[in-house]
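Following the hints, complete the assembly by docking chain B onto the known chain A.
Here the protein sequences line up with chains A and B, keeping their order.
Read in order, the letters of the first sequence are residues 1 to 111 in my numbering.
Read in order, the letters of the second sequence are residues 1001 to 1110 in my numbering.
Treat the hints as calculated values from the structure; they're not laboratory data.
Even glycine gets a Cβ: it sits at the ideal position worked out from N, Cα and C.
Fair warning: there could be bad hints in the mix.
Listed next, the in silico DSS-like pairs over lysine-lysine satisfying Cα-Cα at most 25 Å (straight line) [stated by the list, open to error]:
#1 A:38 to A:68
#2 A:36 to B:1026
#3 A:98 to B:1026
#4 A:98 to A:36
#5 A:36 to A:60
#6 A:51 to A:68
#7 A:56 to A:68
#8 A:38 to B:1026
#9 A:56 to A:98
Derived CB-CB ranges, DEER-like [to be verified]:
#10 A:18 to B:1012: 41 to 51 Å
#11 B:1062 to A:96: 30 to 40 Å
#12 A:66 to B:1062: 35 to 45 Å
#13 A:15 to B:1014: 44 to 54 Å
So the chains spell out like this:
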Amino acid sequence: SQELEQSPQSLIVQEGKNLTINCTSSKTLYGLYWYKQKYGEGLIFLMMLQKGGEEKSHEKITAKLDEKKQQSSLHITASQPSHAGIYLCGADMDSWGKLQFGAGTQVVVTP
Amino acid sequence: DAGVTQSPTHLIKTRGQQVTLRCSPKSGHDTVSWYQQALGQGPQFIFQYYEEEERQRGNFPDRFSGHQFPNYSSELNVNALWLGDSALYLCASSLSNTQYFGPGTRLTVL
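Only chain A is shown next, with the shape it has when bound in the complex (with noise of 0.2 Å):
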């Protein structure tokens, strides 16, 4: 059973505007990560959250985690054509490293 959703599926995005994916589980998440993915190529790793309430910003990408631990959000800001890809949220479910992963949101990002 898929334990973590994300959505939307896909998206695109005008160059320049904001966007958001979700990731949400069905159980209390120990550690929350967000990577992207180039089509057929490895995982960049983003950012981790593990406090509920937790907010990370880097560059232009913001990841919250809820007070729940339940939920995390990815913010784009005036995105640009380096932020096309795949991104994926993964989540330690029992603190022993074992990553499970959403299906992914897949970004386009037009002129």
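Here is chain B on its own, set in the frame of chain A:
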């Protein structure tokens, strides 16, 4: 500082054959995890190695086995290949929590 490396990059096998994939972790990392990613899906956890022992295993059959060497590098072996084993195989290394991924090995089973 080299990141996680994997070999080979691509591999084509036929049903019933056996395959070995290799992974070298990021410098200083002692834990290696393997994932299978089918087209259009998120990675699925296969197993994790620490101190040359399998520490955790996902829902994969015994045809999938692995090994970790004293230098922390690792191998993934798959016996009796099925068509359904065609996927991108990802290796990730870690020292504490965060896992860093390699570029993957694309396995095609014909």
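So, going through the hints one by one against the coordinates:
1. A:38 to A:68: violated (31 Å)
2. A:36 to B:1026: holds (18 Å)
3. A:98 to B:1026: Roughly 18 Å separates the two Cα atoms, so the pair holds.
4. A:98 to A:36: Since the Cα atoms of residue 98 of chain A and residue 36 of chain A sit roughly 18 Å apart, the hinted pair holds (cutoff 25 Å).
5. A:36 to A:60: Distance ~14 Å between residue 36 of chain A and residue 60 of chain A Cα, so the pair holds.
6. A:51 to A:68: holds (9 Å)
7. A:56 to A:68: holds (17 Å)
8. A:38 to B:1026: holds (20 Å)
9. A:56 to A:98: Holds, because 22 Å separates the two Cα atoms, which is no more than 25 Å.
10. A:18 to B:1012: 41 to 51 Å: holds (42 Å)
11. B:1062 to A:96: 30 to 40 Å: violated (21 Å)
12. A:66 to B:1062: 35 to 45 Å: holds (39 Å)
13. A:15 to B:1014: 44 to 54 Å: holds (45 Å)
When held up to the earlier numbered hints, the structure conflicts with 1 and 11 and fits the remainder.
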